[in-house]
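Chains A and B, in that order, give the protein sequences.
Add 2 to a position in the first sequence, counting from 1, and you land on the number used in the numbering used here.
Add 5 to a position in the second sequence, counting from 1, and you land on the number used in the numbering used here.
Please keep in mind that the hints were generated in silico from the structure rather than gathered at the bench.
Values in this document were obtained by computation on a predicted structure and should not be read as measured data.
The beta-carbon is built from N, C-alpha and C at its ideal position, and this holds for glycine as well.
You may find that some hints are simply not true.
Claimed, not checked - Quick look at which bits of chain B chain A covers, simulated, 3 or more residues with Cβ under 8 angstroms: (1) 149 to 156; (2) 334 to 348; (3) 361 to 367; (4) 371 to 384; (5) 392 to 401.
Said to hold, decoys possible - In the DSS-like style, the derived pairs of lysine-lysine whose C-alpha atoms are separated by at most 30 angstroms in a straight line are: (6) A:85 / B:376; (7) A:266 / B:416; (8) B:139 / A:266; (9) A:224 / B:416; (10) B:376 / A:97.
What follows is the residue order along each chain.
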Amino acid sequence: MNISKNLTYFFILPAVLSLAAVLMLALWGLKPGIDLVGGSLLEVTYASGRPAVADLQAATAPLTLGEVRIQPAGDASYIIRTKALSNTEEQSLAKALGVPQRGQVDQFTTVGPAIGAELLQKAWIAIVLVVLCTIVFIAFAFRGVSEPVASWKYGIVAIITLLHDILIPAGLFALLGHLVGAEVDALFIVALLTILGISINDTIVVFDRIRENLRLNSEHRKREEFDSVVGRSIVQTIARSINTSMTVIIVLAALYFLGPETTKYFSLTLIVGMIAGTYSSIFLASPLLVVWERWSASGNKK
Amino acid sequence: MLGRLILATLSTMFAIRYWSVIILIVAAAIGFFVYTTTHSTSSGQAGQGRFDFKLGLDLSGGTHLVYNTDTSKVGKADLQDALTALRQVIERRVNAFGVGEPVVQVEQGGALGTGQYRLVVELPGITDVNEAVKRIGETPVLEFKLVKKEFENNMQDAQGVPNPAAFEDTGLTGTYLTRASLQFDSATGVSAPVVRVDFNSEGKKLFGDITSANVGRLLAIFLDGNIISAPVIKDKITDGTAIISGNFTAEQAKETVRNLNLGALPLPIALQSTQTIGATLGSDALRAGLLAGIVGFLLLAAFMIFWYRLPGLVAVVSLFIYCVLMLAIFKLIPVVLTSAGIAGFILSVGLAVDANVLIAERLKEELAAGKTAQIAIREGFARAWLAIRDSNTAHLIAAVILFWFATSLIKGFALVFGLGVLVSMLSAITISRTFMLALGLNEQSKLGRFFMLSGLTK
């Protein structure tokens, strides 16, 4: 595989997708779930056919509970989201929705704003911690300096790749939030942090191979262009990268299609993150390294 | 010389096969333990035996309540005692519900765990949150406060809301109560119901000190933040009893006595969050999680065997042992399973084969480089080890931070995921390696080539 020839094509996919993700995030942003900002969520199942959303909106309007968002769930249920309700407010809301004559409450969750804010704060701390630990981990994994690319450059490229892997699922959720009102909850953050751990591996495995090949070349006093070393390393690791992601995607797909409702978006986030992580380790990380090497090489010549 | 070498090879081969048989027997025994200790009721929920899987509320159905505690009135030294007492009182109330295994715990909130203390109550099987909240919340908070001289005539507004500036805390609260009883006071001519409270020795001393130092002042008695009565302290009271004479009806007085006896709360609490999951929704989620796990495993097994043939089959066997080990650990610790935890387990199954894929790929390379099967297996494992160690380190970092991040939902995920990473390192490396070596295939035979060299062109 001749990386240097196809380099520009390699960048197209990650560049376009990242741009699209940034656009969607800027346009629509992410909708935080009630566990992060506080609020109430009520799921009501209507065994004998559910009423129209407009009827329920009209029935709940006199309660003055602020915005009441009603979304269909499954075949016979609605999920109703409001501000954080007190117990009496919840009872009157349930009554307005036809409980217990027509419907039945499947779940009711209220998160106080203080607890939501605290979880959000914890989430930020966790994100910062995981990112810091990952950077330390990358620095550790690439501590040996090797020619012709300095080891810190591997680290920077790995971090750019990670950024891309996080950006893609976040962009998807901005889109889903816009289209079907998908919210990001604590599990979404967990999924992102898990992606960080998984996708750093794919990148490290390719980079490891590049370094191993560079070392073997210098041991055997063999001259080889850097981009051809990178190309060879990608070919050597591509089966591993795709297959390890495949095994995870297989089980996550089972979880997405068959698993419980609560973890649907969680598995979707992970699947998208896994796919992004796999192609970015092949099509983004290594080509980026080659481009950088070329830039600095041409800079040195001047 | 040659004979000795062959003998040595044979004896290591014997030792490895011996070990792989032992691994299989132990795994079967653990599997038997997991199987026989799992009881399923008709509704699909786990049973209640000692080693049954512990299910979280989102899978078993129930109510989860979070209360904030107001600790501003309690000194640092007494804080832990007050919190313990609070937990015990709520536990008594909750036990009166008669639900299986309720959980009452105090935890500290705040992003860094330095915030307000919170009371978490979990009631499996209770889905009427209003009833639950009412029965927990109806426990009264009893407080005695001195009325400041200048506020004696206006300690509360027209609606009966007490003016907080009018009172001095005395430190005497329901914590010091030993018993409340109903009495009838005929001092006013008509026999009116009153509530008599008896203090323990500390309360008796405190009450004595307060009354002796403040003769002539008003002592307001608060129940749940409302002034019930504010009698004048006529004399020092040393027998440790107080009479609360609000304008009670006999019924009200009786209820107050019952509530005080069942436990006056040592700290005021306020409901912050509630979560109720219906039993059907919970068991549906459990069934869906199990189905996803089983189907995911079968698909994964098919993929591994199809792609990697013999090493794939070995990976599937060791993956099966991995699952059995994890389930046994869930039972022994015990780990409370939630839908997030099940998702974590399923994810860890996918990641656990990661190591096997790394090893199988390396194995192919070593064989392609012309090494014999036994040497290729050993070297393949040795060279894959670094990559396996690195990837698992990255996962463990995430799991540890997530465990700290921890709401109970995420703690479940992080714990299962972290355990999975650790156990999978054992199963992928030790178990797979032993099995591969024990099979002792010869790469020169046709059968050996077919089993080992999938996708290899040379």
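Would you pick out the hints that fail for this structure and give their numbers low to high? 1, 4, 6, 8, 9 and 10
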